[in-house]
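Here the sequence shown stands for residues -30 to -1, 1 to 437, numbered as in mature numbering (1 follows the signal peptide of the UniProt record, and there is no 0).
By construction, these hints were calculated from the structure, which means they are not laboratory data.
The reader is advised that the hints may include incorrect statements.
To be verified - For each label pair, taking beta carbons as the anchor points, the in silico distance ranges come out as:
| no. | residue 1 | residue 2 | range |
| --- | --- | --- | --- |
| 1 | 201 | 156 | 47 to 53 Å |
| 2 | 226 | 425 | 39 to 45 Å |
| 3 | 175 | -3 | 49 to 55 Å |
| 4 | 314 | 179 | 55 to 61 Å |
| 5 | 133 | 198 | 53 to 59 Å |
| 6 | 201 | 246 | 56 to 62 Å |
| 7 | 226 | 172 | 38 to 44 Å |
| 8 | 303 | 201 | 42 to 48 Å |
| 9 | 136 | 201 | 15 to 21 Å |
| 10 | 232 | 314 | 39 to 45 Å |
Claimed, not checked - In silico DSSO-like cross-links for lysine-lysine, where the CA-CA straight-line distance does not exceed 27 Å:
| no. | residue 1 | residue 2 |
| --- | --- | --- |
| 11 | 258 | 126 |
| 12 | 356 | 251 |
| 13 | 9 | 23 |
| 14 | 9 | 126 |
| 15 | 126 | 68 |
| 16 | 23 | 126 |
| 17 | 23 | 68 |
Note that the coordinates shown come from a computational prediction; the quantities given were computed from them, not determined experimentally.
Think of the CB as a built atom: it goes at the ideal place given N, C-alpha and C, for glycine as much as any other residue.
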Amino acid sequence: MIATRFRRLPLRSRLALLTAAACAVTVALAAWACWFVTKEQLGSERDTTLTSKRLDERSVQALVRGCGANPPGLPPAPGSYTVQVVTASGLVCTMPGKSPIRVTAVDLAVADGRLEEALHDSVATDGNEMRVSTYRSEQLPNTAVSIAQPLSETDKPLNSLALVLVFTAGVGVVLAATAGLWIARAALRPVDRLTDAVEHIARTDDLAVRIPVEGEDEIARLSRSFNSMTEALASSRDRQQQLIADAGHELRTPLTSLRTNIDLLARSEETGRAIPPEDRKALLASVKAQMTELAELIGDLQELSRPDGPENSGPLQVVALHEAAGRAVERARLRAGGAGLTVDAELDPWFVRAEPAALERAVVNLLDNAVKFSPAGGVIEVRLVKGELTVRDQGPGIPAEELPHVFDRFWRSPSARGMPGSGLGLSIVARTVRQAGGEVSLRAAEGGGTVASVRLPGAATEPPHAL
C-alpha cells in the first residue's frame, strides 16, 4: 500500500522524500556513532580513574576498626566516590555518609584472595547504580577495598548529548528535505521544459519547437536527442509534403492529356463522327503511352515512399553485378536500336550484397537516361572494372551548377523538361546504391557528354556463402 502510494506521487516529491530519507538515515547513523563513541570513551576514562584510586592502609584499618562509626583520622570520601571495606567473612564497612553498596561474589573473591582486583557494576542501598573497582588490601588479610562511583555521572552527559544529537538530526532532516525539494525542482526543470514541448507539439503539431541545451549531463543529452528527433520528424514531414506536391504536379500532366484523348474518343462515339483511322491510331498510341507513363510514375512513387534504410528494403542477397548490368544492357539495346544508338559494354565479374530487383532497376535507369539524352548514331559506353560501374553518353551534358541537384526527387534539368520522364529515376538509383553501401555520382565527360559512376563494395569472385 505504501509503495503504491509512493509511486503515485509526482517525481519531484519522490526525489525530495528519498533525499530526506537518505539524509535522515545518514544523520541517524552519524549521531548514533557519535553517541556510542562518546559513551565508550567516557566509560573507559571512568574505569581508568577508578582503578587508579587507592585508599591508604591506615585509613582502611581505621575504617575496619570503627565500622559503622566515624573514627578519628578517617578522611571523608572524596567527592561522589563511595569507599567500603569487604572481608571474606562477609563484614562490610562503608565510609560514613555514603550508602552501602551491594556486595557481589566478585568482591568476596577478591577479599579471600581468589582475584587480585575486579571492576563491575553494582547497586547502592539508595538505588543508585554504581561502577565499582575492588582490590585486595596489602596489610589486612582476607580484606578487599571497593571504590565506587555513580553511573549517573557519565549517564547525564550522555543523555544531554543524545538530546542535542536528536535535535540536530531533526533539523538536519528538515533542511535535507527542503534541499531535496529544491534540488528536485532544479534537476527536473529541463524535464519540465521537455514535457511542455511534447505537450505543445501534441496540441499544435508544431515540430519547430527546440529545447535549450545546457551542459553535458544526461538531461542535456536527452534534450539534444529530443531536438534531433523533432528536427528529423520535421524534415520527414517536409519531404513527405514535397513528395505529395511534386507527385500531384507530375501526375496532373499525363492525366490531363489522357483525359483529353479519352474525351475525343468518347465524343466521336457519342456524336457518330468517326475519327480518321490515322488520327484514331495516334490517339490510342498516345493513350497507351500515357498509361504506361502513369504506371511507371506510380511504381517510382511506391519505391520512393518506403523509408530509407536497409531494414526497409527487400532481402539482401549476393548479386552478380556484371550479370544484372548485362541484362540491363540488353534492355537498353532494344530501346537504343530504334534511335540508331550503339551500346558498348565491357563487364568484369563483381559480386555485391544488394536487393537484386532494385539493383537491376537502378542500372536500367542509368542506361535509360543515357539513351534518352544521347544523339542519334551516338555510342553509350558501359564499363564495370574493379567494382566501379560507369555509363557514359554523348549527350549535351549537365551544367556544373545543376550537378548537385540531379539526385533530388522530381528534379529535371530545364533543357530536359520537355522530354518524357518524371525526374525520379536518378533518385531511385541513389537510394538503391546507398542502401547497398555504395556511392553514385555524375560528372562531365571529357570530349562532351556525361559519365554516371556507381561504386559498390564487393569482390571479384563469388563468396562460398552469403555475405
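Hints, verified against the model:
no. : hint                  : result
1   : 201 x 156: 47 to 53 Å : violated (27 Å)
2   : 226 x 425: 39 to 45 Å : holds (41 Å)
3   : 175 x -3: 49 to 55 Å  : holds (53 Å)
4   : 314 x 179: 55 to 61 Å : holds (56 Å)
5   : 133 x 198: 53 to 59 Å : holds (57 Å)
6   : 201 x 246: 56 to 62 Å : holds (60 Å)
7   : 226 x 172: 38 to 44 Å : holds (40 Å)
8   : 303 x 201: 42 to 48 Å : holds (46 Å)
9   : 136 x 201: 15 to 21 Å : violated (56 Å)
10  : 232 x 314: 39 to 45 Å : holds (42 Å)
11  : 258 x 126             : violated (110 Å)
12  : 356 x 251             : violated (49 Å)
13  : 9 x 23                : holds (21 Å)
14  : 9 x 126               : holds (11 Å)
15  : 126 x 68              : holds (21 Å)
16  : 23 x 126              : holds (23 Å)
17  : 23 x 68               : holds (17 Å)
Figure legend: structure checked against the earlier numbered hints; hints not met, in rising order: 1, 9, 11, 12.
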